[in-house]
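Peer 1: Whole structure, please, built from the sequences with the hints as guidance.
Sequence order for the protein chains is F and X. Numbering follows this note's numbering, in which position 106 of the first sequence is assigned residue number 612; successive positions increment by one, without gaps. Numbering follows this note's numbering, in which position 255 of the second sequence is assigned residue number 296; successive positions increment by one, without gaps.
In the DSS-like style, the derived pairs of lysine-lysine whose C-alpha atoms are separated by at most 25 angstroms in a straight line are:
#1 X:247 - X:278
#2 X:247 - X:48
#3 X:172 - F:699
#4 F:687 - X:229
#5 F:699 - X:151
#6 X:48 - X:229
#7 X:73 - X:48
#8 F:699 - F:687
#9 F:699 - F:714
#10 X:151 - F:687
#11 X:173 - F:699
#12 X:268 - X:247
#13 X:151 - X:172
#14 X:229 - X:73
#15 X:268 - X:229
If you want the footprint, here are the derived chain X segments under chain F, 3+ residues with CB under 8 angstroms:
#16 121-129
#17 138-145
If you're looking for bench data, these hints aren't it; they were derived computationally from the structure. It should be emphasised that the depicted structure is a prediction, and the values quoted were computed from it without experimental measurement. Here a beta-carbon is modelled for each residue, glycine too, at the ideal position from N, C-alpha and C.
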Amino acid sequence: MELVILAFVVWAAGTFVAVQIARSPGHDAMPARIAVPVIFGIMVLAMWELLVTGLNVSQVILPAPSVIASTFARSTSTLWGDFLQTALKGGVSGYLIGCSAAVAAALAIDRVPFLQRGLLPIGNFVAALPIVGIAPILVGWFGFDWQSKAAVVVVMVFFPMLVNTVQGLADTTAMQRDLMKTYSAGYWQSLLKLRLPAAMPFIFNGLKISTTLALIGAIVAEYFGSPTRGMGFRISTEVGRLGLDMVWAEITVAAIAGSVFYGLVALIERGVTFWHPSQRS
Amino acid sequence: MSVIEAKKLELTFQTNDGPVHALADVNLEIGKGDFVSFIGPSGCGKTTFLRCIAGLETPTGGTLSVNGMTADEARRSRAYGYVFQAAGLYPWRTIAGNVRLPLEIMGYPKAEMSDRVARVLELVELSGFEKKYPWQLSGGMQQRASIARALAFDADILLMDEPFGALDEIVRDHLNEQLLSLWARTEKTIAFVTHSIPEAVYLSTKIVVMSPRPGRITDVIDSSLPKERPLDIRDSKEFLEIAHRVREGLRAGHAYDE
Chain F
507 MELVILAFVV
517 WAAGTFVAVQ
527 IARSPGHDAM
537 PARIAVPVIF
547 GIMVLAMWEL
557 LVTGLNVSQV
567 ILPAPSVIAS
577 TFARSTSTLW
587 GDFLQTALKG
597 GVSGYLIGCS
607 AAVAAALAID
617 RVPFLQRGLL
627 PIGNFVAALP
637 IVGIAPILVG
647 WFGFDWQSKA
657 AVVVVMVFFP
667 MLVNTVQGLA
677 DTTAMQRDLM
687 KTYSAGYWQS
697 LLKLRLPAAM
707 PFIFNGLKIS
717 TTLALIGAIV
727 AEYFGSPTRG
737 MGFRISTEVG
747 RLGLDMVWAE
757 ITVAAIAGSV
767 FYGLVALIER
777 GVTFWHPSQR
787 S
Chain X
42 MSVIEAKKLE
52 LTFQTNDGPV
62 HALADVNLEI
72 GKGDFVSFIG
82 PSGCGKTTFL
92 RCIAGLETPT
102 GGTLSVNGMT
112 ADEARRSRAY
122 GYVFQAAGLY
132 PWRTIAGNVR
142 LPLEIMGYPK
152 AEMSDRVARV
162 LELVELSGFE
172 KKYPWQLSGG
182 MQQRASIARA
192 LAFDADILLM
202 DEPFGALDEI
212 VRDHLNEQLL
222 SLWARTEKTI
232 AFVTHSIPEA
242 VYLSTKIVVM
252 SPRPGRITDV
262 IDSSLPKERP
272 LDIRDSKEFL
282 EIAHRVREGL
292 RAGHAYDE
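Peer 2: Spelled out as structure tokens, the structure:
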């Protein structure tokens, strides 16, 4: 019971400190901007730990953060292997193949208006297929290893990327196009010098959405057959053995990987679309 | 020798609300080195006529020759620079990068590109702003950069579609002065669309008054003002007389039926 009370004391103290910082004159400065989310994170973890221990919550329902952390520390080599298998081999390769195929398809659609009527509906159709339906089929086609996971990721990222790129390529004003016409610029010249740069904010939008989709796709696809490693494989088998601490450790890896992946793409976006009103500092 | 020549030019747009007669029986000759202004109310076809010269619109009747070619051939041979109502600089390119854009497309040698960029930026008084991005500059400076962009390559015709329409009067006066001195130095043929009477009279050697429904020319006034024009020429008797005649022409051509 003391631990439960302590949890609320932690909550009150954390809130008090955060409010004090928010009201202080330096609340917009860098240290305060970092301190507030850090304090919030520590507060949540501490309350989680105290409540789970204090209320004797079963390990199967919710393991304490300390248990998850010690499992994480004990199994780093397993987690690393799973990360390599799922996030890098399955996720990233599928992401690269899917996104570049989508950009290529968008360019083809842009060049040949006839394809607009053919390819977009097909893309739409593929996007509407449920992943639990496609994954087993693709595992059948491409085998248990990472190739089939990459194929699932390709299917998942293709459509959002295609739609964003097609829309981006159309995002030029009549005046910008007229300007190219007064220079008597050819198709490729206006594509490279006007339309692709103008499409970049849209393309990066698609690339950012696709990072999360790629990770989800690669993990879920392993439920339908995989070698004895991989994040999805580990989660599904550990759930069966009630090893929820390991499941949470994998979730932690997925969260970190997803954030880093997204952050990297967002960082590149800042460099490429620095000129866009949303990125100007 | 006429650089631009229109004979019985007609243009009808087919719209959902039926045909719109944008240009009717337009006859005009523009000589080498002329500064011609087109003035008239909205819908009189002045911008449409400029776009016809640029090969951006195709007339539905009559003939139009630019440098002795059809307008489309002239466009393909890069006979003119076009300045739009808005600067329309590409935000991902620096000012120098924007001015270099037509040179890149037309395949000028690399060394020549930077020479030309530096020269035209100096011409519009933007030296020192090469590395700035368009959104870091004021509207007047952006419009000057877009003029530099149209001057960067060797076209002896400059087509300008209300280039200073969105700017305030003080900036506009200043740019008008600069434009005149630039015209004197480069000896280009300039076609200039405006709906400001003082601007048209101050700048032009020839003022074309147009009226709407259908878009047509109602008066062509050859200016008697000297080539050398300080800003206060606008208070002279001669200036006011020409302005008066332009105003009369606009009034006569305008049917007050709305």
